[in-house]
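Let the hints inform the model, and build the full structure from the sequences given.
With the numbering used here applied, the sequence shown covers 1 to 878.
Rather than coming from a laboratory, the hints here were simulated on the basis of the structure. The reader is advised that the hints may include incorrect statements.
[As the list claims (entries may be wrong)] Here are the simulated DSS-like cross-link-like pairs (lysine-lysine), alpha carbons at most 27 angstroms apart as the crow flies: (1) K111 - K75; (2) K825 - K394; (3) K116 - K80; (4) K469 - K394; (5) K93 - K111; (6) K263 - K176; (7) K390 - K433; (8) K214 - K263; (9) K541 - K578; (10) K75 - K116; (11) K469 - K537.
[As the list claims (entries may be wrong)] Restraint ranges, calculated between C-beta atoms of paired labels, are given here: (12) S794 - M295: 49 to 55 angstroms; (13) S108 - L210: 40 to 46 angstroms; (14) P624 - Q805: 38 to 44 angstroms; (15) R21 - S370: 33 to 39 angstroms; (16) G411 - L210: 44 to 50 angstroms; (17) D783 - E244: 51 to 57 angstroms; (18) Q183 - V251: 47 to 53 angstroms.
Ideal Cβ positions, reconstructed from N, Cα and C, are used throughout, including at glycine.
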Amino acid sequence: MNILKGYKKDDEESGGNPFLRLEKSAVLQETRTFNDNVINSRKCATVLTKVLCILNQGVTMNSTEATEVFFATTKLFQSKDISLRRLVYLAIKEMSTIADDVIIVTSSLTKDMTGKEEEYRASAIRALCTILDASMMQSIERYMKQAIVDRNPAVSSAALVSSLHLCRKGSGDIVKRWVNEVQEALSSDNVMVQYHAMGLLYHIRKHDRLAVSKMVTKLTRSSMRSAHGYCLLIRIACQVMEEEERSSNSVLYDFLETCLRHKSEMVVYEAARAMVNLNNVTARELQPAVSVLQMFLTSAKPTVRFAAVKTLNQISMIHPEAVTTCNVDLENLISDTNRSIATLAITTLLKTGSEASVERLMKQISSFMSEISDEFKTIVVEAIRSVCVKFPRKHHILMTFLSSMLREEGGFEYKRAIVCTIITIIEENPDAKESGLSHLCEFIEDCEHVELATRILHLLGREGPRSPKPHRFIRYIYNRVLLEAPPVRAAAVTSLAKFGASCDSLLDSVLVLLDRCLMDGDDEVRDRALLYFEILKQKQKALTSRYILSDLTVSVVGLERALMQYCSQPQETSFDLKTVPIETIPVGPAKSIGERTPGASVQKPGALAASKQDVYAKQLAAIPEFADLGPLFKSSDRPVELTESETEYVVRCVKHTFNKHLVLQFDVTNTLNDQLLEEVRVEVEESEGWSIVTSVPIPSLPYGKPTSTYTLLEMEDATQVSGTFLNTLKFNVRDCDPTTGEPESVQGFPDEYVLENLEVVVADHVQRVIRPNFAASWDEIGDENQVEETFALSTMRDIPDAVNQIITFMGMQPCERSDKVDPDKPSHSLLLAGVYRGGHDVLVKARLARSAAQGVNMKITVRSPDMNACEIIAGAVG
1 MNILKGYKKD
11 DEESGGNPFL
21 RLEKSAVLQE
31 TRTFNDNVIN
41 SRKCATVLTK
51 VLCILNQGVT
61 MNSTEATEVF
71 FATTKLFQSK
81 DISLRRLVYL
91 AIKEMSTIAD
101 DVIIVTSSLT
111 KDMTGKEEEY
121 RASAIRALCT
131 ILDASMMQSI
141 ERYMKQAIVD
151 RNPAVSSAAL
161 VSSLHLCRKG
171 SGDIVKRWVN
181 EVQEALSSDN
191 VMVQYHAMGL
201 LYHIRKHDRL
211 AVSKMVTKLT
221 RSSMRSAHGY
231 CLLIRIACQV
241 MEEEERSSNS
251 VLYDFLETCL
261 RHKSEMVVYE
271 AARAMVNLNN
281 VTARELQPAV
291 SVLQMFLTSA
301 KPTVRFAAVK
311 TLNQISMIHP
321 EAVTTCNVDL
331 ENLISDTNRS
341 IATLAITTLL
351 KTGSEASVER
361 LMKQISSFMS
371 EISDEFKTIV
381 VEAIRSVCVK
391 FPRKHHILMT
401 FLSSMLREEG
411 GFEYKRAIVC
421 TIITIIEENP
431 DAKESGLSHL
441 CEFIEDCEHV
451 ELATRILHLL
461 GREGPRSPKP
471 HRFIRYIYNR
481 VLLEAPPVRA
491 AAVTSLAKFG
501 ASCDSLLDSV
511 LVLLDRCLMD
521 GDDEVRDRAL
531 LYFEILKQKQ
541 KALTSRYILS
551 DLTVSVVGLE
561 RALMQYCSQP
571 QETSFDLKTV
581 PIETIPVGPA
591 KSIGERTPGA
601 SVQKPGALAA
611 SKQDVYAKQL
621 AAIPEFADLG
631 PLFKSSDRPV
641 ELTESETEYV
651 VRCVKHTFNK
661 HLVLQFDVTN
671 TLNDQLLEEV
681 RVEVEESEGW
691 SIVTSVPIPS
701 LPYGKPTSTY
711 TLLEMEDATQ
721 VSGTFLNTLK
731 FNVRDCDPTT
741 GEPESVQGFP
751 DEYVLENLEV
761 VVADHVQRVI
771 RPNFAASWDE
781 IGDENQVEET
791 FALSTMRDIP
801 DAVNQIITFM
811 GMQPCERSDK
821 VDPDKPSHSL
831 LLAGVYRGGH
841 DVLVKARLAR
851 SAAQGVNMKI
861 TVRSPDMNAC
871 EIIAGAVG
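As structure tokens, this is what we get:
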């Protein structure tokens, strides 16, 4: 330690870091001092520190260099200097992956590991477990068991953590034999030994749900000294509760409530955060956690206050009423010296406060916006988004605040959040459309981010033509053609074309502007301008709707695959776009343009992300029985549960729809560790209008490994869309060793398990698509391909309930936010768009009105180029 103090003193006197700019060649020359007859501990420690520094700074050594340094380092085992020996162990760990023949130091490390020098043992264990592989573990197994239960906490912790690393390196089967020693270490008086023992014990048993559940139940009844151990136990308990029904495991929920009264603030906060993150948690169940977090708001420690207000901010997004009781304490934090805490407090108040307090809070937060980082500015923007949805009448104040934030300096993510929020306000509140579009037009005048500029231009092309004065946006758009980068110019040309296609009064002016773009220096811009110019000159509504106003709805990954297949196998017929899979739209609340799920990674330019349906298509094409079915039209959005999650066999079904066939993918999981299932298949009973072609069984299904079996159905009639199928899981059972999974019997016996019925409905044959301009698409199809029906929906309570059920039954995409229903109005118009099996576009107008007697009356109009699709969709609800 005196040597280390000396190094620290030298560094302070020199006024800089002596290891900052090291050259690899010079350091490698200095390692020759390790070969001196008399070892200079201080000098060798300095050189070894330099070696570790360059390795951690990203400097790479080749195998020859690393091997020379490694063997030179092994000569330092002669030194008795404690600091130098610790550096030697670190160097061995760092170079074990790049040097050759590192196994030569095994005997020296084993000697230090089992020796009497307590200062060496822990470091020797870590280094030894780094260089050993699974084949050599048995030679030190006895020593590792002794080290795990050693009286020295440092040695025991080193052995436990090293054992955890060994599990990840492929020695898990050997480490599993040390369970008794790990359980003994779990009762240690040292808090860190307890924590590390619990982590290792969970890692050993994590693939056995029953063993994990028993372990958690046992530990919740015992008292631990380790606060870190309690935190880990809380996380494991939450994972168990997520896998099981929370109502069936009230013991673990009671344990979380008990942890709210722990003496450690860390444990209390972990328990509160865990309760907040539980699935389907109610405001009433959150009350104990909110009460604890409210007490933390008055803590003298800034970290505790920050953790509490951040978690309350998270709660306010889902259950704002649960946080209302904390408003007084949150008000006191607005003047907190830590601006991060103040920002979170204000944003939480924005979500939980009243409409009257919005203006006051906006004035307070504007006073220190320049003092906080972009990360917290983004949090403010997200809060403003929720306030706009909650209090639409305050959009003038909030929009003005957002526009001022757009003019300030900031990074891409910050600006992107503001733009997405303004777009959300425009979509949610028609009264805010004019001011929102004006603010975005001003922003793109000085916007330096290409992605944001193109997104705004896309929005202007969609919403601008519908505004009262569409001509005032033309100047902003054409300026982008003159001043911006090629991607922005291309987006501006497309936006101009949409104005010309939608507004007859602007068509001649747009044609003049597009004519000027024909001389652009970029190929993409010129090609777009020429295409749009020639289409608009025709002045035909059907052409402009199909090629300008309607977006391409095919999957980009599927289009690429279909084109490559077509080019590799030339055919006499031309390429048909209907053979390309439709781009899937996620089921759930519609997101604003550019909005993504929090935590999702940004897709790199040029990279194509395959959707779930693209992945399914690739998997099915690799199965010989399904290779000739043609392109996959649709895969069901969510798997259908055919068993309960707690049963011995868990079965889920995914329905894959082709043009004339239906593939049922049954994902089967064996939850019994003493059974091996063979020849697993699901026997499906035929329904009227369907015939079973073939099935693909699972040859072998071990414990805990989900595997798929398939059944292929053929539609006997082109109009066949629905049916109910009875299913039975059939298999052969062989008893096996629960530990190794090896079968104990030569032959098995047949068995079966009855599953829930499976329904195929109209929605399985319809793919959702977005039609930005529904009216143009409606006129494009024409009234010659139209079916009208009238229904009395007596089973539906009111219009909102009818809208939700109609969308579910038909499996189509609501357009122009027609799924948003005002419950006070006696009638509502629902607009839906989709593509029916075979690539046929389908559009629906449903007029809903309250019935004088009971339920809802509906008049539905369906248009599609295919009359069969019209009739099937029109009769879906009835």
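CB-CB spacing for M295 and S794 relative to the 49 to 55 angstroms hint: Since the Cβ atoms of S794 and M295 sit about 53 angstroms apart, the hinted range of 49 to 55 angstroms holds.
Restraint status (C-alpha distance of K390 to K433 at most 27 angstroms): 17 angstroms, holds
Straight-line alpha-carbon gap K214 to K263, limit 27 angstroms: 26 angstroms, holds
L210 and G411 - C-beta distance against the hinted 44 to 50 angstroms: 49 angstroms, holds
Given pair status - K394, K469, alpha carbons within 27 angstroms: 24 angstroms, holds
P624 versus Q805 beta-carbon gap, inside 38 to 44 angstroms or not: 40 angstroms, holds
Distance restraint hint 33 to 39 angstroms, applied to the beta-carbon atoms of R21 and S370: For S370 against R21, whose Cβ atoms are near 36 angstroms apart, the range 33 to 39 angstroms holds.
Given hint K578 paired with K541 - CA-CA distance at most 27 angstroms: 22 angstroms, holds
Hinted pair K93 and K111, Cα distance within 27 angstroms: 17 angstroms, holds
Given hint K537 paired with K469 - CA-CA distance at most 27 angstroms: At roughly 23 angstroms apart (the allowed maximum being 27 angstroms), K537 and K469 satisfy the hint.
Hint consistency between K75 and K116 [alpha-carbon to alpha-carbon, up to 27 angstroms]: 21 angstroms, holds
Straight-line alpha-carbon gap K116 to K80, limit 27 angstroms: 13 angstroms, holds
Checked against the numbered hints above, the structure violates hints 6 and 18; every other hint is satisfied.
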